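**Q** Could you put the whole structure together from the sequences, leaning on the hints where they help?
Using the working numbering, you'd call the opening residue of the sequence shown number 1 and step up by one each time.
Derived by calculation from the structure, the hints in this document are not laboratory data.
Among the hints, a few may not be true.
[Said to hold, decoys possible] Between beta-carbon pairs, the in silico distance windows are:
1) E55 - F90: 50 to 58 Å
2) R167 - E88: 39 to 47 Å
3) K69 - I41: 39 to 47 Å
4) A14 - K53: 29 to 37 Å
[To be verified] Pairs of lysine-lysine residues, derived as DSBU-like cross-links and limited to a Cα-Cα distance of at most 35 Å, are as follows:
5) K75 - K86
6) K86 - K30
7) K176 - K153
8) K87 - K69
9) K83 - K176
10) K31 - K87
11) K86 - K185
12) K69 - K116
13) K137 - K69
14) K83 - K102
15) K69 - K86
16) K107 - K83
17) K107 - K176
18) K102 - K153
All of these numbers come straight from a predicted model, not from anything done at the bench.
Glycine is no exception: its CB is placed at the ideal position from the N, C-alpha and C atoms.
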Amino acid sequence: MNIEEKIAHLQASAMTEARAQGNAIVWQHKKALENIYEQHIDESRRQAEIRIKAEQTNIRHQLNMSASKAQLDMKQELGKTQKRLKKELFREVETLLQDYMKTEDYKRLLVGYIEKAAGFADGAAMTIYINPTDEDKKAYLEEHTGVAVTVSKEDFIGGIRTVVHERNILIDHAFKGAIEREYQKFVFKGGRGIG
1 MNIEEKIAHL
11 QASAMTEARA
21 QGNAIVWQHK
31 KALENIYEQH
41 IDESRRQAEI
51 RIKAEQTNIR
61 HQLNMSASKA
71 QLDMKQELGK
81 TQKRLKKELF
91 REVETLLQDY
101 MKTEDYKRLL
111 VGYIEKAAGF
121 ADGAAMTIYI
131 NPTDEDKKAY
141 LEEHTGVAVT
151 VSKEDFIGGI
161 RTVVHERNIL
171 IDHAFKGAIE
181 REYQKFVFKG
191 GRGIG
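**A** Now the structure itself:
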């Protein structure tokens, strides 16, 4: 082999070796880039999952807040409506009571209250008060019970109040206190979700 052939052969061998080394470097670089790319994809997925979870949590939180606010608004509206209806109901009760107080049944009720109070007092000194609106019934009540009654200066809507002086006892059959107690205790019940 002559020099030129040797140079050509050496040159071909060097080129083959250089290509092999170049290909190896390119392959290593490609593997390194692919590895970096895979790591980048994994990191991007993790960050996306974290963002998605954070957004889901945020949305759930906003939904819960909205639901709580809507529920509170509904409760407040329900409370206002119940309060309004309660006042209307008790106005109607007072109207019905006023109508009842014009009946013979009411007079008999007062007679019964007076007789029970007299029985309880058992001869002890007592004062029986009737409401100022019942002043027209004073003579009827005294005639049917044989007990003196006093017209109160205080309006207690109807019924009677009895003071047994010796025992310092008040027997209260006044409608005003009964209506006020019922008003305080009254709550709407029934229906699904109505407490």
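**Q** Which earlier hints turn out false for this structure, listed by number in ascending order?
**A** Those not satisfied are hints 4, 6, 10, 12, 13.
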